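Chemist: Residue-level listing of the chains:
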Amino acid sequence: DPKIIQKPKYLVAVTGSEKILICEQYLGHNAMYWYRQSAKKPLEFMFSYSYQKLMDNQTASSRFQPQSSKKNHLDLQITALKPDDSATYFCASSQVQGGANSDYTFGSGTRLLVI
Amino acid sequence: QQKVQQSPESLIVPEGGMASLNCTSSDRNVDYFWWYRQHSGKSPKMLMSIFSNGEKEEGRFTVHLNKASLHTSLHIRDSQPSDSALYLCAASYQGGRALIFGTGTTVSVSP
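As you go down the protein sequences, you meet chains A and B in turn.
With the working numbering applied, the first sequence has no gaps in its numbers, which climb one by one up to 119 at the end.
With the working numbering applied, the second sequence has no gaps in its numbers, which climb one by one up to 118 at the end.
The set of hints was computed from the structure by calculation and includes no laboratory data.
This structure is a prediction, so every number in the text was calculated from the model and none was measured.
The reader is advised that the hints may include incorrect statements.
Calculated pairs, DSBU-like style, for lysine-lysine (alpha carbon to alpha carbon, straight line, at most 30 Å) [as the list claims (entries may be wrong)]: (1) A/K23 <-> B/K49; (2) A/K11 <-> A/K75; (3) A/K75 <-> A/K13; (4) B/K52 <-> A/K45; (5) A/K74 <-> A/K11; (6) A/K23 <-> B/K74; (7) A/K7 <-> A/K74; (8) A/K7 <-> B/K49; (9) A/K45 <-> A/K23; (10) A/K45 <-> B/K10; (11) A/K11 <-> B/K49; (12) A/K57 <-> A/K74; (13) B/K10 <-> A/K86; (14) A/K44 <-> A/K11; (15) B/K49 <-> A/K45.
Build the full structure now, drawing on both the sequences and the hints.
Modeler: Below you can see the structure in the form of C-alpha cells.
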C-alpha cells in the first residue's frame, strides 16, 4: 500500500484556472513538504510544514498556497495557472524536519499540464 | 548559483563497470548528505545517507564524505541496467531547514 497518497496522478488545466493537489501520508511523520520537478529545473523545494505549521516558503508567487487541515494532510492550491506551472509536483514527508532523521519518503507525484 | 552541485551531469557506464558521482555543497552550514535515486517516471527514493567523515558501503553502493571539503561521492560497482536512473544528492543545513537537492546525475548503464 502506498504510504503517501497524491491525487490526482495526472491533471490537465486551462490557463487562468485554479486547481488543488491533494497529499496524505500514513507514515506518522510530523513534517511534510512540497517539491516541484520540471525539465527546465531540478527538484525544487516549495514549502515545508512541521507539526502543521508552515516552516519555510521558497515560492516567489502567492499563487501557490499550501493547506494543512490535518497533521497527515498537506494540499497545494494553485490559482491563476500558467503554462510555466506545468511540472510534476511531489509531496514528501519525514519524521522530523532537519537532523539525521529527516530522510524523506516521496509520494508518486501529480503531473500537471497547463494548456 | 545552485547550493548543491553535482557532477557529471550524465554518465554512461558499461554493464559491470563502476560509476562515480560527485556532490558538493557551496554552503558551509551543511549538516548531512543523502543520496536519492529516481527511475524514469517515478518518485525519488532514498538510497543512502552519510553523516560522518569516511566511507559507508551497502551492497554495490559506497558513499564517501569529506566534511572539510563539503564533498560527498557515490560509487556504484558492478553496474546493472536497473541502475540506470537519475541520482540526486540532497543536503540539509543548520537551522533545521528542508532538504535541498542538486540537479542530479543521469546514469545510463549500457548492456
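Chemist: If you check each hint against the structure, which ones fail?
Modeler: 6
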